[in-house]
Each structure stands twice: as C-alpha cells, then as structure tokens.
Amino acid sequence: MSLQLSDPLQNTVDGLTENFSDKVIEVYQSTGDTFIRVEADAIVEIATYLRDKQHYVYLSDIFGIDRYTSEERFEVVYNLLSLKTGARVFVKVRCEEEDPVVDSVTSVWPAAGWNEREVYDMFGVFFNNHPDLRRIFLPEDFQYFPLRKEFPLLGIPGSIELPSTTPDNDQ
Amino acid sequence: MKLSDIQSKVNSTFFKEHQKKLYQSLEDKHTSIEELDEGDPLTTKMILNMGPQHPATHGVLRLVLQLDGETIEKNKLDIGYLHRGVEKIAENKTYQEFMPYTDRMDYLSPYSNNVALCTAVEKIASVEVPERAHYIRMIGCELARISSHLLWLGTMVMDAGAISFFIWTFKEREKIYDIMDRIGGHRFTISHSRIGGVANDLTDEATAYIKEFINTFPNELRDYHKLLDRNRIFFDRNEATGVLKTEDALKIGATGPVLRACGYALDIRKLSPYARYNEVDFNIPTRLEGDNLARYYVRMEEMGESIKIIKQCLEKLPKGPVRTDNAKQSYPSKDEVYYSMEGMIHDFMMTDTGICPPEGAESYHAVESPKGELGYYIQSDGTGHPWRLKINAPSFTNLQVLENVLDGEMVADTVVIIGGLDPVLGEADK
Amino acid sequence: MAEVTATSYIVLGTALFMLLNSAAITVYAERRVAAFIQNRVGPNRVGPLGLLQPIADVVKLLLKEDVTPTHGNRFLHTMAPVIPVVTALMTVAVIPFGDGIYATDINAGVLYLLAVASLSVYGVTLAGWASNSKFSLLGGLRAAAQMISYELPLGMAVASVVIFVGSLSVVDIALAQETWWFVFLNPLGAIIFIIAAFAESNRTPFDLVEAEQELVGGFHTEYSSMKFGMFFLAEYMHVVINSMLMVTFFFGSYHLPFAGLWLPELSPLIKGILDVTVFVGKTAFFVFLFIWVRWTIPRFKFNQVMKLGWSKLLPLSIINFIVIAAILYFIVG
Amino acid sequence: MGLESALGKGYLTTRMDTLVNWARSNAAWPMPMGLACCAIEMMAFAGPRYDVSRFGSEVMRFSPRQADVMIVAGWCTYKMSHAIRRIWDQMPDPKWCIAMGACASTGGMHRCYGVVQGADNFLPVDAYISGCPPRPDAVIHALMKIQDKIKAEHSVLLDT
Numbered sequence: 004m005s006l007q008l009s010d011p012l013q014n015t016v017d018g019l020t021e022n023f024s025d026k027v028i029e030v031y032q033s034t035g036d037t038f039i040r041v042e043a044d045a046i047v048e049i050a051t052y053l054r055d056k057q058h059y060v061y062l063s064d065i066f067g068i069d070r071y072t073s074e075e076r077f078e079v080v081y082n083l084l085s086l087k088t089g090a091r092v093f094v095k096v097r098c099e100e101e102d103p104v105v106d107s108v109t110s111v112w113p114a115a116g117w118n119e120r121e122v123y124d125m126f127g128v129f130f131n132n133h134p135d136l137r138r139i140f141l142p143e144d145f146q147y148f149p150l151r152k153e154f155p156l157l158g159i160p161g162s163i164e165l166p167s168t169t170p171d172n173d174q
Numbered sequence: 307m308k309l310s311d312i313q314s315k316v317n318s319t320f321f322k323e324h325q326k327k328l329y330q331s332l333e334d335k336h337t338s339i340e341e342l343d344e345g346d347p348l349t350t351k352m353i354l355n356m357g358p359q360h361p362a363t364h365g366v367l368r369l370v371l372q373l374d375g376e377t378i379e380k381n382k383l384d385i386g387y388l389h390r391g392v393e394k395i396a397e398n399k400t401y402q403e404f405m406p407y408t409d410r411m412d413y414l415s416p417y418s419n420n421v422a423l424c425t426a427v428e429k430i431a432s433v434e435v436p437e438r439a440h441y442i443r444m445i446g447c448e449l450a451r452i453s454s455h456l457l458w459l460g461t462m463v464m465d466a467g468a469i470s471f472f473i474w475t476f477k478e479r480e481k482i483y484d485i486m487d488r489i490g491g492h493r494f495t496i497s498h499s500r501i502g503g504v505a506n507d508l509t510d511e512a513t514a515y516i517k518e519f520i521n522t523f524p525n526e527l528r529d530y531h532k533l534l535d536r537n538r539i540f541f542d543r544n545e546a547t548g549v550l551k552t553e554d555a556l557k558i559g560a561t562g563p564v565l566r567a568c569g570y571a572l573d574i575r576k577l578s579p580y581a582r583y584n585e586v587d588f589n590i591p592t593r594l595e596g597d598n599l600a601r602y603y604v605r606m607e608e609m610g611e612s613i614k615i616i617k618q619c620l621e622k623l624p625k626g627p628v629r630t631d632n633a634k635q636s637y638p639s640k641d642e643v644y645y646s647m648e649g650m651i652h653d654f655m656m657t658d659t660g661i662c663p664p665e666g667a668e669s670y671h672a673v674e675s676p677k678g679e680l681g682y683y684i685q686s687d688g689t690g691h692p693w694r695l696k697i698n699a700p701s702f703t704n705l706q707v708l709e710n711v712l713d714g715e716m717v718a719d720t721v722v723i724i725g726g727l728d729p730v731l732g733e734a735d736k
Numbered sequence: 002m003a004e005v006t007a008t009s010y011i012v013l014g015t016a017l018f019m020l021l022n023s024a025a026i027t028v029y030a031e032r033r034v035a036a037f038i039q040n041r042v043g044p045n046r047v048g049p050l051g052l053l054q055p056i057a058d059v060v061k062l063l064l065k066e067d068v069t070p071t072h073g074n075r076f077l078h079t080m081a082p083v084i085p086v087v088t089a090l091m092t093v094a095v096i097p098f099g100d101g102i103y104a105t106d107i108n109a110g111v112l113y114l115l116a117v118a119s120l121s122v123y124g125v126t127l128a129g130w131a132s133n134s135k136f137s138l139l140g141g142l143r144a145a146a147q148m149i150s151y152e153l154p155l156g157m158a159v160a161s162v163v164i165f166v167g168s169l170s171v172v173d174i175a176l177a178q179e180t181w182w183f184v185f186l187n188p189l190g191a192i193i194f195i196i197a198a199f200a201e202s203n204r205t206p207f208d209l210v211e212a213e214q215e216l217v218g219g220f221h222t223e224y225s226s227m228k229f230g231m232f233f234l235a236e237y238m239h240v241v242i243n244s245m246l247m248v249t250f251f252f253g254s255y256h257l258p259f260a261g262l263w264l265p266e267l268s269p270l271i272k273g274i275l276d277v278t279v280f281v282g283k284t285a286f287f288v289f290l291f292i293w294v295r296w297t298i299p300r301f302k303f304n305q306v307m308k309l310g311w312s313k314l315l316p317l318s319i320i321n322f323i324v325i326a327a328i329l330y331f332i333v334g
Numbered sequence: 347m348g349l350e351s352a353l354g355k356g357y358l359t360t361r362m363d364t365l366v367n368w369a370r371s372n373a374a375w376p377m378p379m380g381l382a383c384c385a386i387e388m389m390a391f392a393g394p395r396y397d398v399s400r401f402g403s404e405v406m407r408f409s410p411r412q413a414d415v416m417i418v419a420g421w422c423t424y425k426m427s428h429a430i431r432r433i434w435d436q437m438p439d440p441k442w443c444i445a446m447g448a449c450a451s452t453g454g455m456h457r458c459y460g461v462v463q464g465a466d467n468f469l470p471v472d473a474y475i476s477g478c479p480p481r482p483d484a485v486i487h488a489l490m491k492i493q494d495k496i497k498a499e500h501s502v503l504l505d506t
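Chains as they are written, first to last, in my numbering: chain H, 4 to 174; chain P, 307 to 736; chain W, 2 to 334; chain C, 347 to 506.
Don't take each hint at face value.
[As the list claims (entries may be wrong)] Simulated crosslink set (DSSO-like; lysine-lysine; CA at most 30 angstroms straight-line): (1) K634(P) with K614(P); (2) K152(H) with K625(P); (3) K308(W) with K532(P); (4) K551(P) with K56(H); (5) K551(P) with K576(P); (6) K576(P) with K87(H); (7) K614(P) with K477(P); (8) K576(P) with K152(H); (9) K95(H) with K557(P); (10) K87(H) with K551(P); (11) K152(H) with K87(H); (12) K532(P) with K551(P); (13) K634(P) with K617(P); (14) K576(P) with K56(H); (15) K399(P) with K95(H); (16) K56(H) with K26(H); (17) K56(H) with K625(P); (18) K313(W) with K532(P); (19) K429(P) with K87(H); (20) K640(P) with K614(P); (21) K327(P) with K152(H); (22) K622(P) with K576(P); (23) K491(C) with K477(P); (24) K272(W) with K551(P); (25) K477(P) with K557(P); (26) K335(P) with K322(P).
Rather than coming from a laboratory, the hints here were simulated on the basis of the structure.
Can you make the complete structure from the sequences, with help from the hints?
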C-alpha cells in the first residue's frame with residue numbers, strides 16, 4: 004500500500020528511516036492516521052530523536068493494545084503531536100506475553116508517567132526506569148489486569164474485597 | 307523521616323498493600339532534596355489525607371499531603387475511586403450502545419463526549435454526516451462547554467469560600483438544562499448525537515430557548531465579571547497560585563484551558579477542525595501567567611467565544627436531513643421503522659450488530675472538549691464491537707499536572723487549584 | 002462597682018434568655034437571608050414561615066447519638082463546646098441595653114469584655130486538639146493564631162474609644178455617645194473594630210477555622226449531637242454579641258443619631274422601651290451585615306489573614322490611637 | 347404510671363414520639379456522598395429551582411458526624427465502597443440512606459468489574475431512586491419518603 008503522507012509526516016518518516024533504519028519495522032496508514040512500528044529496545048532513543056529533532060514535544064497519550072492470540076501479544080502506542088507542524092504520529096512497540104517489559108519514556112516526556120502507569124494497571128506491561136510504577140486505578144491488592152482479553156467483563160468474584168457490613172471493631 | 311515512621315502510624319483496615327505502596331511512593335518523592343532535620347523534636351511529619359470524600363475534591367479524588375505547618379511539602383494523588391472500566395465495557399458493546407457511557411464520562415459536558423465518539427466512529431467507518439447535523443452538534447458542544455465552565459466557575463469560587471456564587475451559576479445552568487431537555491429529553495445526559503448525525507432535529511421551542519439564552523447570557527457573564535474582577539480576596543486567593551510555566555505545561559502534557567492559560571494556544575478546533583469549526587469565526591483566548599487567575603480569565607473568555615459560535619451556527623444552520631440516509635451506517639428514521647418492513651429490519655440490524663468498520667482499521671480522533679483534548683482511539687476487528695477503544699481523557703492528563711504544581715503551596719490553595727484545573731473524576735478514572 | 006439590685010437580676014435574666022433565643026433566631030435568619038440572596042425560598046415547611054425550623058434542629062441534635070473519637074481526650078472533648086457558650090453568655094453582664102438598663106456596671110467593664118471574649122478561643126482550640134483529627138487540629142491551630150492576631154487591633158480600637166470617654170466603664174461609653182456616635186469621631190477605629198470583630202467571631206471572610214471547603218468542618222469536624230449544637234449556637238451567639246459590641250462602642254449604643262440635640266425628655270418607661278428597641282434594631286442590622294457578608298464574599302487564606310492582621314490592622318490601629326490621643330491632648334486639651 | 351393511666355395508654359410516649367419524629371424529619375441534614383453524575387443533580391436539588399431548604403435539609407454537612415441522611419449519588423466502585431462504608435459507620439444514629447440513581451441502586455448500566463452491583467451490598471438503604479440520573483424532583487420525593495418513614499417510627503418506647 005502506498006502511503007499518502009503530508010510533508011511534515013514525510014519528513015518524520017524519512018528522518019526515522021534514515022537514522023534508525025534497522026529499528027523501524029513498518030510504517031503504515033489507516034483511515035488517515037500514520038502509525039510507525041519500531042523495535043521495543045530502541046524506543047527511548049527514537050523518542051528522544053522525535054522530541055529534539057522533529058518537534059514532537061507534546062505527548063498526547065500512551066495506551067496499550069492486547070493482540071490476543073497473536074505473537075508479541077502486547078502493543079504500546081505513543082500518541083505524539085508536533086507543535087510546530089500540527090502533525091500527529093503514532094509510534095508502536097510490541098512486547099511478549101511472558102515478559103512484557105518496555106523502556107519508560109518518562110525521561111523524555113514527563114507526561115508519560117501516569118499514562119504508563121495506566122498501561123501497567125490495565126495490561127500488566129512493565130516499564131523499565133519508571134519513577135513510580137504503581138497501579139493507578141485499581142488497588143494494589145488486585146491481582147489481575149482487567150483489559151486483557153481473557154479477563155471477564157464482570158470481573159472475578161472475590162478479587163476485590165467488599166467492606167465488612169459490621170462496623171470496625173479492631174480497636 | 308523514615309518510611310517506618312509513616313507506616314507504623316498508619317493502621318489501614320482495607321487495601322493494605324495499596325496504602326502501603328502509596329505512602330512509600332510519597333516517601334520516595336523528591337528524596338534528593340529531603341533531609342532529616344536532626345534538631346527537630348517532632349520527628350514525624352503530618353500526613354493529611356484529603357479525600358476520597360471531601361467537599362472540595364470535585365468527586366472522589368484523594369490527595370495524600372505531607373505538611374509542614376500549613377505548607378504542603380509533597381503530595382501524591384490517588385485516583386481510581388470511580389474506575390469502572392469503560393474501555394472494557396466498550397469492547398462488549400456496539401458503537402451506538404456505548405454512547406450513553408460517554409455521557410457519564412465527563413458528566414459536566416456530556417454533549418461533547420457524544421460528539422467525540424461519533425466523529426471517531428464516523429472517521430473509522432467513513433460515514434458522511436449531513437451539514438445540518440454538524441451545525442446542531444456544534445451548538446450542542448458549545449452549550450455543553452458553557453455549562454461545564456459555569457460549574458467550574460461556581461465550584462472554584464465556592465471553594466474559595468463564596469457559597470452563593472455557586473448557586474448563581476447554577477441558575478444559568480438550569481437554563482442550559484432546559485434547552486437540553488427540549489433538544490433531547492433529558493437534563494444533561496442526553497445522548498443526542500448519533501453515529502451518522504443526531505437523533506432528532508432542533509424543535510422550534512428548543513431554538514427559541516437557545517436564542518433567548520444567547521441573548522441573556524452575556525449580561526450574566528458581565529455580572530460575574532463585575533463581581534469577581536475587582537474582588538480583592540478572590541484576586542489574592544488566585545493570583546500566583548498553582549503557577550505552571552509554558553515549558554512545564556507542555557512537558558507534563560497539560561491540555562485545554564490549563565495549557566492555554568500557560569500561553570500556548572493549542573485548540574483542536576483550530577488544529578484539526580472537526581464538524582464545521584473551520585467555517586465559524588472564533589478566537590482562542592490565552593494568557594501568559596499560568597496561574598489560577600489566568601485560568602479564570604481564559605475560561606471566562608471561552609464562554610464568550612462559545613456564545614459567538616452558537617450565534618454563527620444559528621445563522622448558518624442549513625436546511626436538510628439530520629442523519630445520513632444509509633441504513634448500513636445509521637439508524638433509519640422512526641417513520642421508516644414504524645411503517646416499512648425494511649426500515650424495521652434495518653433498525654434491528656443496527657441495534658443487533660450496528661455499524662461495522664473495516665477489519666484492521668485504526669483511527670484516532672480528538673475533539674476539544676471543555677476540559678481539553680478528548681480523543682477516541684478505535685481499533686476495529688470488522689465486527690460491530692471495537693477490538694480496542696481507548697479514551698484519551700483530558701481530566702486524567704490535567705490531574706497529572708496537579709501532582710506537580712501542588713508542592714510548596716498551602717493547604718488552603720489545594721482547593722482553589724483543584725477548582726482551577728477543573729478535573730472531572732468520572733472521566734479521569736474511566 | 003455598682004450595687005447589685007433586683008433590676009440587675011431581671012435584666013440579666015431577660016438578657017440571657019433573649020441571647021439564647023437570639024441565637025436560634027439568627028440561625029433562622031441566616032437560612033432565610035441566605036435563601037433570599039441565592040434566589041431560593043428557604044425553610045417554610047415547619048410552622049408558620051418555617052419559624053420552628055431552629056427548634057426542630059435543636060430537638061434533633063439533642064436526640065442524636067453522641068460520638069467521641071476513640072483516641073480523643075474524652076474530658077476535653079466534652080468540655081470544649083461549653084467554653085464558647087459560657088463566655089458568650091458572660092459578656093451580656095456589662096452591656097447596657099438602655100438608660101440604666103444593665104445588669105452591672107463594672108468600672109473596668111471594657112477590660113472584662115476583652116478578657117472574656119478572648120477566652121472563647123480556648124474552646125475552639127481544645128476542640129481541635131481533643132478530637133484526634135487532623136482537620137480539627139488544623140482548624141484549632143488556625144483559630145488560636147487568628148484570635149491572637151486580631152485581639153490586638155480590637156483592643157487598640159476599643160482603647161481609642163476609651164480615651165474619648167476617660168472611663169473603662171461600658172455604661173459610661175454608652176452614655177458618652179448621646180450626641181456624637183464614636184463612628185463619626187473615630188471612623189478608622191470603627192472600621193478596624195468591625196474587621197477585627199468579624200475575625201473574632203470566625204465569620205467569612207475569616208472563617209478559616211471552619212473552612213468547610215478545605216477542612217470539612219475545621220474544629221467541629223468530629224463533633225456530633227448537642228456538642229456540635231453548642232458550637233453551632235455559640236457561633237451565632239458570638240455574632241450577636243459582636244454586633245452588640247459594635248453598637249455599644251461605635252454606633253451610639255441605645256441612642257438615636259444625635260439624640261442629645263433633638264430628643265425631648267421622655268418618661269422613664271417610654272424611654273426604656275425606646276432605648277431597648279433602638280439597641281435591638283441596631284444589633285439586628287449588624288447581624289444582617291454578618292450574614293450578608295458571609296454569603297457573598299470569599300474566604301482569605303491563612304497567611305493573608307495573618308498579614309492583614311499584623312502588618313496592616315495592628316500598625317493602623319496603633320497610629321489611629323496615637324493620633325487621637327495627640328489631638329485630644331494638644332488641641333482639645 | 348399515673349400519668350399514663352390518666353391520659354390513656356401510651357399517650358405520653360406517643361406524644362413524645364410525635365415531637366421527636368417531627369424534629370428529626372424536618373431537620374434531616376444530608377451527607378452528600380457525591381460520586382458521579384448524580385452529584386450534579388444533587389447540587390441542582392439544593393439549587394435555586396428545586397430548593398431543598400424548604401424541607402429544612404439544605405444544611406449539607408460534609409462531616410459525617412453531623413449528618414442524618416446519606417445520599418449515595420453515583421456508582422460505587424469496589425475501591426470507593428470502603429470509604430463509603432466507613433463514612434456510614436461514622437455517622438451517629440439515627441441515620442438514613444438514599445441510593446440515588448440506577449448505579450447506586452443496582453449497578454445500573456455499569457455492569458462491569460469495577461462497580462459494586464448496588465450500594466445495598468454493603469449499606470442499609472432506605473430509599474432507592476430510579477433514573478440515570480434522576481431528576482431533582484425525584485430526589486426530593488425520596489427525601490419526603492424518608493420523612494414519612496421517620497414519622498412512622500417509634501423511637502421513645504419501642505414496644506408500646
């Protein structure tokens with residue numbers, strides 16, 4: 004499929020393929036959005052490059068995708084916005100189910116902090132070098148990762164405790 | 307201060323692991339500049355838990371503050387007290403079925419959430435929307451923006467101590483509720499937008515109400531300005547509190563009015579116009595100071611701009627259908643459903659499977675909700691349900707800002723800063 | 002000190018009874034005025050015009066379960082609400098409600114008032130400490146700091162009145178205003194006194210002690226039942242008391258404006274009724290002012306309150322005092 | 347008791363009950379447990395158009411120690427339910443609870459892993475309000491139902 008890229012996006016893609024020729028796996032478009040899939044181990048370098056050389060200063064969002072039954076099950080997507088050109092680009096990395104670890108980009112964009120925590124909370128993907136990797140929505144006592152496809156919508160009974168209906172008498 | 311100092315004092319009765327990690331993380335924040343004062347006879351510090359049930363946290367935000375007298379040394383936020391997993395729900399619903407859930411995300415401005423989902427689905431499924439529907443959506447969105455900003459104004463001033471002001475803004479909100487009632491039949495969670503258009507046309511009554519509102523509201527806005535702009539106490543409370551510099555705001559990913567109050571005019575309505583925002587004329591108010599007062603001015607001016615947009619929309623409102631006439635893409639009109647067999651079958655099909663975007667398609671579409679950039683990422687697997695639906699919620703992003711600006715402020719400032727950032731927890735907690 | 006007569010007991014009894022009632026009436030007035038300011042109706046279901054609302058509140062509070070926090074100090078927790086109520090009641094002893102209508106005339110009445118008024122802060126601070134709650138503690142600390150800061154300008158403002166009269170007796174101060182109210186002679190002092198009185202009674206814009214939005218309820222967060230009810234009543238009693246003090250010190254006490262110039266001699270009964278009516282009317286106006294301000298103005302921040310107290314009001318009140326003293330000494334002679 | 351026999355059996359206690367119930371029902375201070383969308387309607391319920399102060403209930407006490415009626419407005423998640431229950435335990439007796447809206451009553455549309463399917467799983471609820479969110483009139487109706495319930499209670503002498 005041939006790509007129809009606007010000039011700024013073309014620049015981005017050219018720059019990436021030039022500097023990280025062995026790290027960029029594929030570039031594709033879907034309904035007008037541009038997705039660049041890169042090797043997981045190079046994400047911090049690529050992020051630094053994109054921020055410093057391509058003006059992707061603003062990190063809009065980070066989210067995970069569960070590619071259930073596929074190889075390299077988890078995908079982490081970085082939603083970047085260039086403030087100079089107004090171009091939006093999505094950078095994707097993939098990781099294995101057994102050892103889902105991705106390097107944290109909090110050193111590049113501090114905004115990634117909470118978004119990465121959310122991905123960890125929902126999918127169980129760990130982020131190396133994250134300053135404060137805790138669950139963000141669910142309590143730490145919860146054992147599961149709810150947005151994984153095998154987790155039932157109604158939850159697992161008893162996985163989160165309900166309050167006791169007799170008043171505290173521990174003191 | 308040692309961690310054991312906090313932990314030994316804490317006696318959690320539920321979610322023990324969670325509380326432990328939270329205090330641990332508070333402990334770890336800024337450890338480099340933290341030093342133990344040997345001469346201090348009070349070796350323990352006061353840890354104040356604000357929330358989750360607290361009058362000023364706009365819902366169920368929990369702040370864990372380490373205090374030095376009245377000054378906040380460091381803080382951690384704990385959110386998720388409203389987490390219900392809408393993204394998981396979305397994977398089990400058709401796109402249209404998911405619409406009411408978006409209402410309950412940012413419940414101060416449900417209309418713009420509906421439009422965000424609709425435009426995202428329309429983008430991924432290539433649905434053409436009639437002109438009139440675009441304009442009706444814009445009117446709804448701007449009304450929602452005014453309604454949201456009004457509640458922000460009321461609660462922010464109320465948090466500063468003036469309780470009546472909240473009631474006065476609520477009087478105006480009631481008018482917007484009336485309009486919404488006339489448009490869609492409910493006070494605020496109206497789910498009026500549909501994939502491929504809107505549910506029904508504006509009635510004459512609704513149009514009359516809107517016209518009356520846009521004529522009277524600027525006067526009210528002037529009154530608010532009169533009351534607050536020269537109010538010394540209000541000024542002192544808000545000036546230079548919660549200051550965020552432009553670079554920091556971009557780094558930490560602030561969005562919406564919070565970012566614009568820091569001096570960066572990022573507005574999705576201008577950046578990548580959706581609906582027909584490229585055909586109306588409006589400005590993006592910005593301020594350079596980045597403090598709470600700047601946020602106040604930005605939002606107040608935005609309300610004025612919204613009135614301007616609604617006026618233009620009413621002038622330009624074209625005649626025509628309000629929903630696309632393609633039974634594979636949107637619900638047929640009720641006339642068809644009641645009086646023709648085909649219409650009824652299509653209605654069934656839409657309810658049962660709904661609209662099916664092509665397999666493997668991915669798209670992201672953002673709108674400028676009152677709180678900031680509200681984006682929906684959808685990945686389709688070719689069925690009527692999304693494979694993955696991710697909501698980029700502005701409140702979530704802005705709450706992260708809160709964790710960074712609170713350090714060094716006073717306890718009394720927390721409430722006005724939370725008010726100034728205007729997070730909605732229903733949206734932040736997903 | 003004047004002799005204690007039967008009149009004293011009657012006046013004292015009536016005044017105490019009316020003060021307790023006035024707290025209830027003020028509660029009702031506050032709810033109605035608040036409703037009026039906010040385009041609402043206000044209580045109207047209980048009794049005619051909802052007049053029985055405070056009674057319903059009090060009966061309900063009386064019969065509610067009383068809670069003392071587990072790790073709180075039970076004795077202090079119980080004692081704390083009594084202090085503001087008692088001090089509020091003690092103040093009426095020296096306030097003249099009309100010509101000759103007062104419980105007692107202490108020759109150091111002003112000092113007595115200041116001393117008693119500053120006692121009530123102990124109740125608030127103890128309540129904050131004995132509750133074993135952080136919000137209460139913060140509220141109590143704020144109360145202590147705020148009271149100390151505003152006692153001084155308050156005292157200086159009163160002192161600037163006392164030098165006009167040359168007597169520390171409250172009755173003399175009231176008598177001296179027959180023609181000229183002190184608000185005309187000493188306007189700066191009056192303003193300082195009003196501000197400080199607002200701060201002393203913990204009302205908006207100085208209600209950081211309660212600070213519903215930040216500290217939930219401040220010092221009374223952990224109080225329930227009638228203990229809370231006593232704080233509640235004490236707050237309104239202090240509003241009434243402070244209004245009375247404003248009237249007594251600056252707004253002519255029981256005198257009509259420039260009454261000495263035009264008011265003819267009246268029979269003692271009519272004069273007494275007129276005096277008390279005028280006094281009550283003026284007090285009611287200031288109570289309304291308290292309520293009005295409460296529902297329209299935002300609240301200060303802690304450091305701003307301190308700054309206002311120490312760096313603005315205190316120097317201003319001292320300068321005011323010195324200037325008045327100088328004028329009286331050198332010019333009036 | 348002499349008085350009892352003179353005035354008829356249970357006369358005094360019934361009178362006392364009437365007084366107590368009258369006071370309690372007309373001074374029911376709400377504890378606004380505003381969680382989600384319903385909280386906005388709860389504000390409207392105290393606002394100018396609906397004005398709950400007519401019933402003497404506009405004194406929103408955010409401290410549980412001083413509140414009588416807890417209005418659970420919004421969905422209760424598992425994480426939040428502990429806080430709600432704790433606040434309920436902190437409220438002194440007598441106390442009542444309104445589950446406002448479909449989510450608080452049954453879980454409503456949020457049939458998913460995070461939400462407790464009805465606040466009555468951990469709270470004794472006195473009145474349920476339907477609607478998502480209910481209109482403020484419905485909340486006032488629920489409050490009046492609570493008032494009716496209070497008026498029918500025997501608080502002084504339980505068995506006469």
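Results for each hint:
Under the criterion of a C-alpha separation no larger than 30 angstroms, the hint pairing K634(P) with K614(P) is inconsistent with the structure, at around 36 angstroms. The straight-line distance between the Cα atoms of K152(H) and K625(P) is roughly 45 angstroms, outside the 30 angstroms bound, and the hint therefore fails. The straight-line distance between the Cα atoms of K308(W) and K532(P) is roughly 26 angstroms, inside the 30 angstroms bound, and the hint therefore holds. With a C-alpha separation of about 22 angstroms, the suggested pair K551(P) and K56(H) falls inside the 30 angstroms cut-off, and the hint holds.
Between K551(P) and K576(P) the alpha-carbon distance is near 23 angstroms, which keeps this suggested pair within the 30 angstroms criterion. Between K576(P) and K87(H) the alpha-carbon distance is near 14 angstroms, which keeps this suggested pair within the 30 angstroms criterion. With a CA separation close to 21 angstroms, the supplied pair K614(P) and K477(P) stays within the 30 angstroms bound. At roughly 37 angstroms between alpha-carbon atoms, K576(P) and K152(H) are farther apart than 30 angstroms, so this suggested pair is violated.
As the CA atoms of K95(H) and K557(P) are separated by approximately 20 angstroms, the hinted pair is consistent with the 30 angstroms bound. Taking the CA atoms of K87(H) and K551(P), the gap is about 19 angstroms. The hint holds against a cut of 30 angstroms. At most 30 angstroms may separate the alpha-carbon atoms for a hinted pair to count; K152(H) and K87(H) exceed this at roughly 38 angstroms. Proposed proximity of K532(P) and K551(P) is supported: the alpha carbons are some 28 angstroms apart, at most 30 angstroms.
Taken as a hint, the K634(P) and K617(P) pair is broken in the structure, with Cα atoms around 34 angstroms apart against an allowance of 30 angstroms. At roughly 24 angstroms between alpha-carbon atoms, K576(P) and K56(H) fall within 30 angstroms of each other, so this suggested pair holds. At most 30 angstroms may separate the alpha-carbon atoms for a hinted pair to count; K399(P) and K95(H) meet this at roughly 26 angstroms. For the proposed pair K56(H) and K26(H), the alpha carbon gap of about 17 angstroms is at most 30 angstroms, so the pair holds.
A hinted pair counts as satisfied when its Cα atoms are at most 30 angstroms apart, and K56(H) with K625(P) does not qualify at roughly 48 angstroms. Distance restraint check for K313(W) and K532(P): the Cα-Cα separation of roughly 26 angstroms lies within the 30 angstroms cut-off, and the hinted pair is therefore satisfied. Taken as a hint, the K429(P) and K87(H) pair is honoured in the structure, with Cα atoms around 25 angstroms apart against an allowance of 30 angstroms. A distance of roughly 34 angstroms separates the Cα atoms of K640(P) and K614(P); the hinted pair therefore is violated under the 30 angstroms criterion.
The suggested pairing of K327(P) with K152(H) holds, with an alpha-carbon distance near 27 angstroms, which does not exceed 30 angstroms. With a C-alpha separation of about 19 angstroms, the suggested pair K622(P) and K576(P) falls inside the 30 angstroms cut-off, and the hint holds. Proximity of K491(C) to K477(P) is assessed by CA-CA distance (about 27 angstroms); at most 30 angstroms being required, the pair is judged to hold. Distance hint between K272(W) and K551(P) is unfulfilled; the C-alpha atoms sit about 68 angstroms from each other, more than 30 angstroms.
As the CA atoms of K477(P) and K557(P) are separated by approximately 38 angstroms, the hinted pair breaks the 30 angstroms bound. The hinted pair formed by K335(P) and K322(P) meets the criterion: a straight-line CA distance of about 20 angstroms does not exceed 30 angstroms.
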